[in-house]
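With the hints as constraints, model all of the structure from the sequences given.
Count along the sequence shown from 1, then add 1315; that gives the number in our numbering.
Possibly wrong hints are sitting among the right ones.
As the list claims (entries may be wrong) - Listed next, with one range per pair, are the computed distances between beta-carbon atoms:
hint, residue 1, residue 2, range
1, 1352, 1386, 26 to 34 Å
2, 1375, 1353, 31 to 39 Å
3, 1386, 1361, 30 to 38 Å
4, 1384, 1323, 29 to 37 Å
5, 1379, 1355, 16 to 24 Å
6, 1326, 1356, 15 to 23 Å
7, 1320, 1356, 18 to 26 Å
Simulated from the structure, these hints should not be mistaken for lab results.
Predicted model, so just to flag it, every value in this text is computed and none were measured.
Even for Gly, the Cβ is constructed at its ideal location relative to N, Cα and C.
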Amino acid sequence: MNFDHYISITPGIRNGKPCLAGTRITVYDVLDYLAGGMTEPELLEEFPTLRAEHIRAVFAFAAARDRRLAAA
1316 MNFDHYISIT PGIRNGKPCL AGTRITVYDV LDYLAGGMTE PELLEEFPTL RAEHIRAVFA
1376 FAAARDRRLA AA
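And the structure:
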């Protein structure tokens, strides 16, 4: 999945952390919520501006980052 459409990094917004486009919700926020036991439907209900594509983009972003770190 190409996550560029769903995730943006903007200096000055959440200290330049990767955020879901058009929001101040970081990739790490979403991962923390899911790791804490929140389900995808609960997350989408809690944050109505998000779509399932945003959640998939978070996973794609995390996987790409892990691959980059493993290659370093």
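For each hint, the structure was consulted:
1. About 32 Å separates the C-beta atoms of residue 1352 and residue 1386, a value consistent with the hinted range of 26 to 34 Å.
2. A hinted range of 31 to 39 Å is violated for the C-beta pair residue 1375 and residue 1353, which are about 19 Å apart.
3. Evaluation of the 30 to 38 Å hint for residue 1386 and residue 1361 yields a pass: the beta carbon distance comes to about 35 Å.
4. Checked against the hint of 29 to 37 Å, the pair residue 1384 and residue 1323 fails, with Cβ atoms roughly 21 Å apart.
5. Checked against the given bound of 16 to 24 Å, the beta carbons of residue 1379 and residue 1355, roughly 20 Å apart, stay inside it.
6. The beta-carbon spacing between residue 1326 and residue 1356, approximately 33 Å, falls outside the hinted interval of 15 to 23 Å.
7. Judged by the Cβ atoms, the range 18 to 26 Å given for residue 1320 and residue 1356 holds: they are separated by roughly 22 Å.
Hints 2, 4, 6, counting from the list given before, are not met by this structure.
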